[in-house]
Structure formats: C-alpha cells, structure tokens
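Number of protein chains: 2
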Amino acid sequence: MQDREKAFIKTLAQSKSTFGIGDDGVLLGDFVVANDAFFEGVHFKREWGSLESLIQKSFLVNLSDIYAMNAIPKYALLTLCIPKDFKEARELARVFSRVAEKFEVKIVGGDTIVGEKLQIALTIVGEKQKKTLFRKKIQKGDFLAYLSPRSPLNLAPKQAFGKNLRALKCALRFNQISKNSRFECPLVYPKMIFAFNDVAKAGMDISDGIFVELGRLGQINKVDFELLKPKGEWFYSPEEYQMLYALSAKNLKKAQNLAKKFRHHLVIFARAKRGKYQSLKKNWHC
Amino acid sequence: MQDREKAFIKTLAQSKSTFGIGDDGVLLGDFVVANDAFFEGVHFKREWGSLESLIQKSFLVNLSDIYAMNAIPKYALLTLCIPKDFKEARELARVFSRVAEKFEVKIVGGDTIVGEKLQIALTIVGEKQKKTLFRKKIQKGDFLAYLSPRSPLNLAPKQAFGKNLRALKCALRFNQISKNSRFECPLVYPKMIFAFNDVAKAGMDISDGIFVELGRLGQINKVDFELLKPKGEWFYSPEEYQMLYALSAKNLKKAQNLAKKFRHHLVIFARAKRGKYQSLKKNWHC
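Residue numbers (the working numbering), protein chains in the order written: chain S, 1 to 286; chain W, 1001 to 1286.
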C-alpha cells in the first residue's frame, strides 16, 4: 500500500463519517456488504491471464470477503471500465455473466464506461447467517492458524499455501504467471470456510499476506503475537484469499478434526499475547 | 453512451446473470442499493471544479438514484483512485468526510488505490420506505412531468431546469463551468422528492437527459409518448438529477398543489399513448 492510500484511509477512519470499517465487509441489517477494486496496472496486467481468469479473480477477491464474514454471496454491483482498445464488449459481458452464474450471484446494478484500462470495481452483497464472523474477539492465549492442503495429490505444488510471493515476483519480472496457480485463480473453498467459521473466535481473509494481516489483527484486538513457526514464504505470501483464523485453546482439537475432514492441515503459526504487534509496512500492489 | 457500453449492457441484460436491473437502484430486502461511477476524463475534468464540488457531485449523482426510489441514503462504499500527481491525500479524506456528513451517509467500506486519474465509484445503500418507486407502471393516458423552480428569485437563471447542455458544451469547449450552476452542483431537493414520490405512479432520476430517459421509460412500460411541449433545452439537458414523474390524471391536481407548496412549477410535457417510442441515441459523456 502506498503512503497516500494509508494517509487517506487513516484520516477518513479518524473522522466521524465512517461506520463498521475494519472487517472484510460490513454488516448492514440482514446483509454483509464488501467491495474491492481490481484495476489493470494496479492489481494485474492484462497479459497475466485470460479474460476469464482475470474476471474470475475480480469476483473471488470479493467473494472471499463475504465468506470470511460467514455470509452467502447473493448479489453484485459492477462498475466496469472497458478499455478503448477492447473491441469485444459482447464477449466481455458473456464472461461476466458466466462467472456470476458460476458463483451463484446475480448482477443487480452497475455502471459501464469506456476508458484507458480494464478496471473492475465490485460490490458484493451477501446474506447474513446466524453467526457473523468478525476480526475482533482475539484474546491472549488464542491461537492463529491457516489451512493448507493435506494431500496435494490433486494439486500442483504451486497451489500449496504460500507460493504467491514467488508468483507475483515472477509476474512482475517476466510478465507471465504460472497457469493454475493460486495467484492466477485463488482457490477458495466456501464449504470448508463455513465449517471453520462456526468453530473460530475471529477470522479474516488473507489478502495482503499474513505479515500485513497480523498488524491489522493486533491493532483491532490490542494484542501482540508470538510466532510459533519460523517466518517463511507462508508469512509473506500475498493474495492467498484464504482464511486466517483465531481459535480458542478449547476448540483446537475440533478445528484439527475439521481440517482432516476437508483434507487440509491446520497450520497453527502464532499465539496471541499481551503487547503491541510491530507490523512490517510493505505490501505488493504492482 | 458509446457503442461498446451499450453492447456490454445489452448482452449482460439478456443473460440469466442479472436481477432487478432497469431502475435507478435495486431493492434488496430492506435496502435500496445503487452505484454510479464518477471518473475523471469520462464524467468530468479536474479543472471543472474544486475538489469539494467534484466530490459532492459524485455523491449527488448516486444519492439522487436512492431518492428516486423513495429510499433514504444511509451508507456508502467507496472505490477511490487517487491520482499519482495528487499529494494531498489527507485533504481528500477530509473532503470525503465532510461531504458524507453533509448528506448524512456513513462510509462503511471501500478500496483505495493510487493510479493515473481521480476516479470515484460509489455504492450507496438506502433504507427502503413503505412505498418504493419504480420506473414501471406507466399506462396509456398517464402524464409525464418534471419540476422547475417557480420563483427563481434566489436562483441564478443558470440554475433553472434545462441549462446543463449549454453548461456541458461550454465546459468541453472552454474547460470551465459556470460557478453555482446545476451542472457544477446538482440541486437535489430530497423533501420535495419524497412528497412527490408519494403521489407519483412511477418515477426516475433524469441523468442523461429527458430524451434518453423517455426511451428507457417507453421500453420498460411498452408505451409511446406524445410530447405536449415543443422540444427545447429542457428536452436535451443532461445531468439534471431531477425527477421525471409519471402521474395519473386523477393525481394531477394534487401534484400541482404540491409543486406550489415547494415553489416549483409542475411542467407536464408528455402523455403516454399506445405504441413504441423511437428514442434518439446520443448522450453526453465527455
């Protein structure tokens, strides 16, 4: 994140004009609402993937925010800038339509313009469930964990958790990304997420990398974290769009059994302790 | 609207992936939700106004959609691209905050990036009221009307309804817009709108000009319109963000009295008739 973005967000957050900011989405009545931009030149380059994979990713980065709060995505509002050099507007609409159908959301509004670059800003409206999961509620002694595929037989090694930093660097340097990587198409497992949301005390979507998210969790919950695992790729990997869960000690066993059921490892990597977490600053917008 | 935008929207609308499109916003449970983009180089140039007036307009073009459906704006989600050459991110946040407070909406989410141009995409969530006003329900014999200030004593002539085409042409040609014009800052009167919404059969926000909106109303309601007034500036003026109302004959008197109460003329300009309305194609994005 650049300094200007930070300054803007910090100043806005300190004003009286905001409400409910700090989670992956916001709970409004019976809905959870979230929005994320997916802009050419900022979040992706067009050479990085097919139109279908780019649009799919623009949905997944938003859907994962809704899942993270334990809501079911239902509707999407789309602001779309079609690049001037892009002749196939009909094909673009067909791809959006296919992707929306695939993820079972209806496009209920939007604004379409023609400009320089492919820019997608989505607002997703999800149906609130009995339990809504927030980032807050983490106390001293709680464990932090993420999920990693247990038996990667069906997955390429590049689809394991933590490979995206390498994928991003490769994309920025050589202008191409590995096909079927999590970076090209985030692997989001809503069924598993809903099962874990039920057991977790708090949770969030890992979008900027665990090292960034820890700063957010530390600040919101006023705790520090003791790492239980040496820093590695898993710590810095951005755009995982996987869940970071906080679990109470008494729910650890339950969570481990759940992980087994979904053929994943529950990777417990930190424990909350008294103090103030010192976060690193960088993230990875291109 | 450019051909590519039209092709995209038409193709998307024909797919199974949309729901509720065709009104100024969409009714979802207890909320009415709408989104509109306000992009530099498409909807405005930065030289056209102060930062405050531009941001205010980005809100008003959205708020007017929520008012149009007789809902009360409550929340905003903001996707913002801060231009690289723009150093004052804190000031930008303060302006957004002031404008949001002025219009009594809370900013509940968003995404901020740094890019080439100032780009604002807002999603506004409004609270549904007892009656929601749609564009549909117009029948043969219904009258169409807009409202124009009755006693323009407090208003400059350029603030009368219908002056925006001139203002837009002037802005495009000379890169400046008249201060205090409706084009710089739309005059939106929520109290008056809510009173008329109660009496009207159908209604919509006039954003692209009555000549464009008639095409939309004709298509949705499967009617033609007989103009009761010679075409003039009022017919082509874009970005009025005023209401176009459909009134049944029996409610005309009531509407006229309401107009008097709010010191406006009820300008009845068309009547619905059997047939198919032939719309003109152009609109006025820069």
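Be aware that one or more of the hints could be misleading.
With a straight-line Cα cutoff of 20 Å, these simulated PhoX-like cross-link-like pairs (lysine-lysine) come out [unchecked claim]:
| no. | chain 1 | residue 1 | chain 2 | residue 2 |
| --- | --- | --- | --- | --- |
| 1 | S | K87 | W | K1087 |
| 2 | W | K1087 | S | K6 |
| 3 | S | K74 | W | K1016 |
| 4 | W | K1016 | S | K102 |
Hints are computed from structural coordinates only; laboratory data are not their basis.
Structure-based check of each hint:
Only pairs whose Cα atoms come within 20 Å are accepted, and K87 of chain S paired with K1087 of chain W is rejected, the gap being roughly 35 Å. With a CA separation close to 12 Å, the supplied pair K1087 of chain W and K6 of chain S stays within the 20 Å bound. Simply put, K74 of chain S and K1016 of chain W have alpha-carbon atoms about 14 Å apart, close enough for the 20 Å limit, and the pair holds. Distance restraint check for K1016 of chain W and K102 of chain S: the Cα-Cα separation of roughly 11 Å lies within the 20 Å cut-off, and the hinted pair is therefore satisfied.
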